Amino acid sequence: MSLTTAHSVVAPSATSKLVAGTIIVAYALISIVPLLWIFATSFKTPPDSIAYPPKIVFQPSLEGYCNLFSTRTRQTPEYINSLGPATGLCDETVRKRNMVIAGPSNFMPRFVNSLIIAFGSTFCAVFLGTLSAYGFSRFKVPLADDLLFFILSTRMMPPIAVAIPIYLMYRELGLSDTALGMILLYTAVNVSLAVWLLKGFIDEIPREYEEAAMIDGYTRLQAFWRTVLPQATTGIAATAIFCLIFAWNEYAFAALLTSGTAQTAPPFIPTIIGEGGQDWPAVAAGTTIFLVPILVFTILLRKQLLRGITFGAVRK
Amino acid sequence: MTEAGLTMLNRTADSVARATPERLARKVRGISDKGLAWLFISPTILLLLAINIFPLFWAIYLSFTNYRANRPNEVVRNVGLANYKRILGDQDIWIAMQTTAHFVFWTILLQTLIGFTLAWLIDRKFRGHAFWTTIILVPMMLSPAVVGNFWRFLYEPQIGLFAYAISFVSGIPATQIGMLSNVSLAPWSIVIVDTWMWTPYVMLICLAGLRSIPEYIYEAAEVDRASNWRQFWSITLPMALPFIMLAVLFRGIENFKMFDMVNLLTGGGPGSTTEVASITLKRQAFESWRTGYSSAFAIILFVAVFGLANIYVKALNKVKQR
Amino acid sequence: MKSTLKLTLGLTSAMFASTAVSNVAHAEDLTLCWAAWDPANALVELSKDFTKETGIGMKFEFVPWTNYADRFLNELNSKGKLCDLIIGDSQWIGGSAENGHYVKLNDFFDKEKISMDDFVPATVVGYSEWPKNSPNYWALPAMGDVVGWTYRKDWFSKPELQKEFKEKYGWDLAAPTTFDQLKQIAEFFQKREIDGKTVYGASIYTERGSEGITMGAMDVLYSFGFKYENPEKPYEMDGFVNSEKSVKGLEFYKALYDCCTPPGASNSYMGEGVDAFKSGQVAMHMNFAFTWPGLQKDENVGGDKIGYFANPKGPDGDQFAQLGGQGISVVSYSDKQDAALKYIKWFANKDVQAKWWSLGGYSCLNAVVNDPGFPASQPYAQTFLDSMAIVKDFWAEPSYAPLLQASQKRFHDYVVAGQGSAKDALDGLVKDWTEVFQDDGKM
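Chains A, B and C supply the protein sequences, listed in that same order. Residue numbers 672 to 987, in the numbering used here, belong to the letters of the first sequence in order. Residue numbers 1245 to 1566, in the numbering used here, belong to the letters of the second sequence in order. Residue numbers 14 to 456, in the numbering used here, belong to the letters of the third sequence in order.
The set of hints was computed from the structure by calculation and includes no laboratory data. Owing to the predicted nature of the structure, the values given are computational and were not obtained by experimental measurement. Think of the CB as a built atom: it goes at the ideal place given N, C-alpha and C, for glycine as much as any other residue. Treat the hints with caution; some may be incorrect.
Derived pair list, reagent style DSSO-like, types lysine-lysine, alpha-carbon separation capped at 27 Å [what the hints assert, rightly or not]:
| no. | chain 1 | residue 1 | chain 2 | residue 2 |
| --- | --- | --- | --- | --- |
| 1 | A | Lys688 | B | Lys1369 |
| 2 | C | Lys267 | C | Lys210 |
| 3 | C | Lys444 | B | Lys1329 |
| 4 | A | Lys726 | C | Lys204 |
| 5 | C | Lys358 | C | Lys368 |
| 6 | A | Lys767 | C | Lys267 |
| 7 | C | Lys444 | A | Lys767 |
| 8 | A | Lys767 | C | Lys204 |
| 9 | A | Lys811 | B | Lys1558 |
| 10 | A | Lys767 | C | Lys358 |
| 11 | B | Lys1369 | A | Lys974 |
| 12 | A | Lys811 | B | Lys1369 |
Partial list, derived from the structure: chain C residues whose beta carbon lies under 8 Å from chain B [claimed, not checked]:
| no. | residue |
| --- | --- |
| 13 | Asn112 |
| 14 | Glu173 |
| 15 | Lys176 |
| 16 | Gln197 |
| 17 | Gly293 |
| 18 | Ala430 |
| 19 | Ser434 |
Chain B stretches covered by chain C per the calculated footprint, using a threshold of three residues with CB under 8 Å from any CB of chain C [to be verified]:
| no. | region |
| --- | --- |
| 20 | 1311-1325 |
| 21 | 1397-1407 |
Take the sequences, apply the hints, and build the full model.
If you want it as structure tokens, here you go:
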């Protein structure tokens, strides 16, 4: 934690530390169980995944991952025997269930869409956000408070309420189901948060730095580029990760405004089904792969993230 | 142009500028501060105008019409306030609002209680607290939709882990724990998942609050021999209160808008027992395609969030000033 | 920190470049949109012949049933170009015809000498015509489907169970012919131990989000005497939708849900039904006929363990079944309509239709289903024919979606959540539907 001013108890006793530690560890362990279960389920076979009682010890299998990445058709054993030898692990796995791989599934393109849209919109939001935050922080902008409040209040609208007119607008402009449309939308949603967070960070950077640079003969733009930006990297990183988490996880807009071409992973994953209802190992595999990037980011950038959250709270 | 060249050019411009009056100097150096300010701010404003404000006004206009997005050939009629009257007189809408209120109230209550307790405990800085804090944070980073979908599996009465764990502890047969099918349990199923996901968020904000309390206040209290209990009630809680209220505000707004997690977990069922306002709105707007009607509902929701949030912020400021 | 940012930037630009490349699909590929289910996989297999014949590649976009209407109606309403061909649900036909989503096929049929007289009449009315019973065709019947039942023949034929059943109910345990019998059987099996496992009576439709509970409840209500409107006077619903007989029907459906379904089956539709039957949980299973080929092939419950029966009779001897199935249409926003029409022409071919049936699709071509060998070709073929002869369908009006939503809500509130009475639910339904038709200016 980066905030290390003081704590609410002057000198916690060893017992109270022990009790606190035990409770926190217990809570952490319980709260992580559902995630571990997702991870474990992704390595189960479909029958193991729906066994009763739930199986904690099981023979790991890659069937879920095979099913996630392929579409399969059921065939007669005679037909399968007439084919050549299995061409890979997945081929072999699905043949045991009297199926053959018909082709790749839509998971990969959807995952790539998620990457493009999340990173693209994060970049745009942080870029625009940094510029306007600097503008608001350093210059007298008429009605600045109203503008800032207006920018922030756009986040209060329920996504479905926003989606109605956006849907009509995108239909007229041909932006429905395009990555560009989604990037624009996510940028617009994120930029309000970005401006708000970044203005706080930039406010903290002493103006003297820029002024010194400008006295040295740099223009305002250069001073911004050379002194403010490097100082603001922590803030920018914290903001970027917030924007990224939002765009990566977003469901409502993606479900309503995309159908195939630009659909992202969140609306796709719940639609992964097997021959009957949901193919839980495949869903779990998709969920796991989808969660990994955000977990990695969280752990790598946890300091910035914590600072972003607590900082946002302090500022309001 | 190379960087050196650029610098040199600027130097020349500078030396010219020094010899000239102030206004001209700015022009020579490049854009004026005011120009730069607008250059920096306007793209954001334009984007927000295009993607947020213009559509909002469009929605306001539509809310007074009988427009339906799936009937391009139909004549659009102005119906005045008919949509608003219909919504405010619709019993189902009020039931959805009550469901939303139940959800918002209980999630906030539980998250604040648990979140604050956790923060208060973590603040003791036992060994390894940073690591365990990170672990606790993980649920809030995940996609509510993807997680909601998976909780459907955990809640399955026979094969789900949740029902199994509960029956293991309580002795009630797992087949009777239909978290998603039982009318009286379903509203709690969404509260549990939301609390699981977002308690860490409340915890973090509370933690920031606790750490903002200056240590000398406690030291003074020690000198006065105030009991721990008293210190908690007269120092810790009041001083952390603005932060707690802030967490409540953020969670309140978010949960009032709640759509993705509930949509995938229960879809509003069984019956309409978990049909929060956003789900009703989605059904009207994107399944029934009553665009005008649902625009009116959207506006009402927006005004409600906005109004409630503003009243709340006023209260918050009062607390802060104390 | 800087390096992280640079990495992010680099990644982003790389992403853009890579999609620019990957988005260049083959110009001539057709995309066919349908639901994600067994017949769709069969269609993938079948379509390989089309690609072989014409060189036109086929791409597929399949969406599960619970999202199917949402996703594709949204796609059509946004004038999307994702789908060139769409196998859209029967009830969409009114809206899709009136709002110009589908290409009208009359001229094409005339030119290619495709006659609708060659198809099963119920499917032509159900899947192709708008307005109904007028020669305006918007689709080619592609997949015949109807709600019917499967049962566990092996359990029904256990001598000890047969004996016990006879003693209890006074008739021989066999596939039911009336709904009363069906409920007795379901009660008999509910929570019974069979081969060391607790089993349940029946799996029925209870899904809330899309159309599940409406399809299931209507399937029962029709035979109890439910009518959508006064046959003499269109859109007059009071006394027909909420007639005493309809109330009895809905009460029956709730009683069946309460007494005889597996635990937690409060949101179950085709997929969940298949899962319940396959895992050996239920004795009987209501589902669309499309599930039967897959179940027949199943290692655990298929073969001689499974039997089929058409929807049973109601109290007055009426017997109807809920129509499913779809026609295939050309999307009017597609840039590749000619190639799409080529596909339809190919699909209408008799040999293709025969292969379609053999792969697990349900052909609607008379020449296939009226073939003397058809009833014996599969164990479920006769039940399918019997069921197709008694079909009824939900409203296919352009306002079908709000009509469906109203029934979903009313039925689920009553049947699953247990709110109010059956009479309340149906009275409410009349009110909701009246409102919809008033909005449309039809009343």
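Hint by hint, here is what the structure shows:
1. A:Lys688 x B:Lys1369: holds (7 Å)
2. C:Lys267 x C:Lys210: holds (25 Å)
3. C:Lys444 x B:Lys1329: holds (18 Å)
4. A:Lys726 x C:Lys204: Roughly 23 Å separates the two Cα atoms, so the pair holds.
5. C:Lys358 x C:Lys368: holds (15 Å)
6. A:Lys767 x C:Lys267: Answer violated: Lys767 (chain A) to Lys267 (chain C) is near 41 Å, above 27 Å.
7. C:Lys444 x A:Lys767: violated (54 Å)
8. A:Lys767 x C:Lys204: It is violated: about 33 Å lies between the C-alpha atoms, which goes past 27 Å.
9. A:Lys811 x B:Lys1558: At roughly 26 Å apart (the allowed maximum being 27 Å), Lys1558 (chain B) and Lys811 (chain A) satisfy the hint.
10. A:Lys767 x C:Lys358: Not OK: Lys767 (chain A) and Lys358 (chain C) at ~37 Å, beyond 27 Å, violated.
11. B:Lys1369 x A:Lys974: Holds, because 17 Å separates the two Cα atoms, which is no more than 27 Å.
12. A:Lys811 x B:Lys1369: violated (43 Å)
13. Asn112: holds (6 Å)
14. Glu173: violated (25 Å)
15. Lys176: violated (28 Å)
16. Gln197: Result: violated, 23 Å to nearest chain B Cβ.
17. Gly293: violated (12 Å)
18. Ala430: holds (3 Å)
19. Ser434: violated (14 Å)
20. 1311-1325: Since three or more residues must qualify, the claim that chain C covers the region 1311-1325 of chain B holds, with 5 doing so at under 8 Å.
21. 1397-1407: Satisfied; 3 residues make the cut.
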